[in-house]
Amino acid sequence: MSVLIFIDHSDGQVKKGALEALSYGTQLAARLGVAAEGVLLGALPDAGQLGKYGVTKIHQVDNDALHHLDGQVFTAVIAQVVEATGAKVIVFSNNSDGKAIAPRLSARLKAAFVSGAIALPDTANGFVVKKSVFSGKAFANVSLNTEVKIIGLNPNSFAVTASGSGTAEVISFNATVDASKVKVLSTNKIKDEVPLGEAEIVVSGGRGLKGPENWGMIEELAKLLGAATACSRPVSDTHWRPHHEHVGQTGLAIAPNLYIAIGISGAIQHLAGVNRSKTIVVINKDPEAPFFKAADYGIVGDAFEVVPKVIEEVKKLKGVA
Amino acid sequence: MKILVCISKSPDTTAKIAFTDNNTKFATDGVQWIINPYDEWYALVKAIEIKEKDPATVIHLVTVGLADAEPVIRKALALGGDEAIRINAESQDSFYIASQIAEVARQGNYDLVFTGKETIDYNSASIGGMVAELLGLPYVSLALSFEINGTKAIIGREIEGGEETDEVEIPAVVSCQKGMAEARIPNMRGIMAARTKPLKVQEPVAADSLTSIVSFELPPAKAGVKMIPADNPGELVRILHEEVKII
Ligand SMILES: Cc1cc2nc3c(=O)[nH]c(=O)nc-3n(C[C@H](O)[C@H](O)[C@H](O)COP(=O)(O)OP(=O)(O)OC[C@H]3O[C@@H](n4cnc5c(N)ncnc54)[C@H](O)[C@@H]3O)c2cc1C
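Chains as they are written, first to last, in this note's numbering: chain A, 1 to 321; chain H, 1001 to 1247.
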């Protein structure tokens, strides 16, 4: 019996979501009194050092067909590892790869699946996991009613904790790997930018910024803070900013530690996607803007005057000329 | 090309989120129901765009729900689609719903099954993947673009920090999000036509529910906003650095 954690990686790096899943999975295993083990598909240098997050063993399957994600092929391989190791709980990050694999694995194993988990399960009475619902406006406590259980952990919901200094034993697992029906033609990663879903700090702009030419200060502030940039829906609808920056009920739901909203009114659909942020700062020239009700700190003022001053102060703080 | 589009009803985005029966049920009193935006704006409109290019395309809609789902499915038919199937069952369990949709897909021999990337109420993003696994088909999640190329589809999908373009064998299951298509509004002709389009009601097949919702909770209320004068942004930066300790 064990908790098995999917180690999601790309370009030789373990993704932040996978580190969160490792931290979650090892804490869960400790609570259940079972071993925490990893499952790793494809090649990853120095995987053994992930032992510092508490996993004792990592079952690795490396094969050319596993060097790109095909959820169907990955699912079949992970199912073999689950069967061989007798894992009872499988933990994924609910990131884009997790969403491609975890529901498939659930259907294949007929194992109960909760996606969007935000806390460790309550095992006092069964196995109940709290998840985000109504796009962040509420939570549901979901009972997983099968022997094998699958959890998709929402990004930025669980702190990464290196619990030990140990090295994990990396074991090569012999699996049948099916032929893929998916061929990757190209990959386009935005260089030097923090992925929005993983970002600790997000600087976001709305229609109050008047036009795409005014995003220089948003980008400058984001860069200084090591933040990702985001925007409201009308801003991406009018193509001032790319689609992937759209946050809210019908865009990406995010939960950074700090969300800075500039020139955004705070419509209910926008708030739905950002209200799980730990601290919210709102800069808006209208003191009646609804966003202030959802904010921790607010400044009533013209963004074109306030933001450059904020940038100056951050530069002073960071000692940047 | 034969396309099955999965349609879910969801509460209007401005609906008050509250719970009844000791916080075990969503309070539906006074709630307006809409087509789940991802299903409507991206999955359905993309299917309509494919049909506009190739009029031989057949579009079927499927929903799993009780009779109260019919106004929403009629609204979807007003946008486009040839006929709709309602599986007469109510469930909150993704596997149960996916089992019903997989059965419809099996019977109908579809080339493509489209879903929205998630519903805006349960946010589970699970149906597409489960349906694909039950059918043994490839699944592309979080699709941003889609083109048919012979017996294959060229699909852009979201990955962490970027986008990947895949070539996928058809039949396939695809979950759709922004970028796939531009949202439309139904016109009068569509609304009239929808009234006479077939809406078949089928009883569910036997399937298990793997999960159940024990209770709902609302997030704790915010403590209230602290206002900082516009002429003193240094104070904001100081608070974020010294008190919140985030920058
Ligand atoms: C079904 C549905 C789904 C939706 N989903 C989403 C979603 O996912 N995400 C989303 O964001 N929206 C969504 N919306 C749209 C949402 O209702 C709002 O229309 C949108 O969020 C408003 O964007 P905004 O705040 O940028 O623009 P506005 O509402 O126009 O607000 C602009 C704000 O900027 C302020 N401002 C103007 N000039 C300045 C200045 N010089 N300095 C400082 N402040 C200034 C104004 O006071 C105002 O508060 C959805 C709507 C519907 C119906």
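Any given hint could turn out to be false.
[Stated by the list, open to error] Residues from chain A that face chain H, not an exhaustive set, calculated with beta carbons under 7 angstroms:
(1) Lys15
(2) His67
(3) Gly71
(4) Ala100
(5) Lys137
(6) Val170
(7) Asn174
(8) Ala179
(9) Lys183
(10) Thr187
(11) Tyr297
(12) Glu313
(13) Val314
Think of the hints as simulated: they come from the structure by calculation, not from any bench. Values in this document were obtained by computation on a predicted structure and should not be read as measured data. Cβ coordinates follow ideal geometry from the N, Cα and C atoms, glycine included.
### Query
Are there hints from earlier that the structure breaks, and if so, what are their numbers?
Numbers 2, 6, 7, 8 - these are the hints that the structure violates, sorted from lowest upward.
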